[in-house]
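Asks: Given the sequences, and given the hints that come with them, work out the whole structure.
Heads up, the sequence shown is in numbering that gives the first Met the number 0, so the first residue is 0 and it goes up one at a time.
Quick caveat, the hints were computed from the structure, so don't treat them as lab data.
Some clues are possibly wrong.
[What the hints assert, rightly or not] For each label pair, taking beta carbons as the anchor points, the in silico distance ranges come out as: (1) Arg-38 x Gly-123: 32 to 38 Å; (2) Cys-65 x Arg-38: 18 to 24 Å; (3) Cys-65 x Gly-32: 33 to 39 Å; (4) Gly-20 x His-111: 29 to 35 Å; (5) Pro-113 x Gln-2: 18 to 24 Å; (6) Gln-72 x Leu-23: 19 to 25 Å; (7) Thr-130 x Gln-2: 40 to 46 Å; (8) Ala-71 x Trp-118: 16 to 22 Å.
Even glycine gets a Cβ: it sits at the ideal position worked out from N, Cα and C.
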Amino acid sequence: MPQRKVQIIGVPMDLGQDQRGVDLGPGALRYAGLSGALRRLGHQVVDAGNLPAPVRDSLDPADPRCYLTAIAQVCNALYRACLQAHADGAVPVALGGDHSIAAGTVVATIEHRPAGLLWIDAHGDFNTPQTSPSGNVHGMPLAALMGDG
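Replies: Shown next as structure tokens:
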């Protein structure tokens, strides 16, 4: 396996769904030794820390669709961070948070070089704000990537 420069970017966001705790994912993966495991595989690891993400309790709307603006802002920041990682010769590894962050990582990767996407999930992630039964944005990133929603 060729050695690569890997840049870890934490995105502790839980706004895309209604279960508390997923924002703890980046810290949990770090605590579990992700950086050390990547180094043992021969990779150079740079941890860029966490991007700022609003806490659900600080926004408090009743309808999860109200989080769309905040989610878009975090995804845009992640997009820019991934583009910078690519420009620095690194492979960005985004640690979420919920699945709503996918738009930022995928778009940056596709803009950096031709890429394919294999999407494996328990559900299709192809909802839009108009078709989603729950309104949870983590079920919408694939639709957004395809230009719908």
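Asks: Hints first: check each against the structure and report whether it holds.
Replies: Now the hints, each set against the structure:
1. Arg-38 x Gly-123: 32 to 38 Å: Once the Cβ atoms are compared, 36 Å apart, the range 32 to 38 Å for Gly-123 and Arg-38 holds.
2. Cys-65 x Arg-38: 18 to 24 Å: 41 Å, violated
3. Cys-65 x Gly-32: 33 to 39 Å: For Cys-65 and Gly-32 the Cβ distance comes to about 37 Å; the hint holds.
4. Gly-20 x His-111: 29 to 35 Å: 32 Å, holds
5. Pro-113 x Gln-2: 18 to 24 Å: 23 Å, holds
6. Gln-72 x Leu-23: 19 to 25 Å: 21 Å, holds
7. Thr-130 x Gln-2: 40 to 46 Å: 44 Å, holds
8. Ala-71 x Trp-118: 16 to 22 Å: 20 Å, holds
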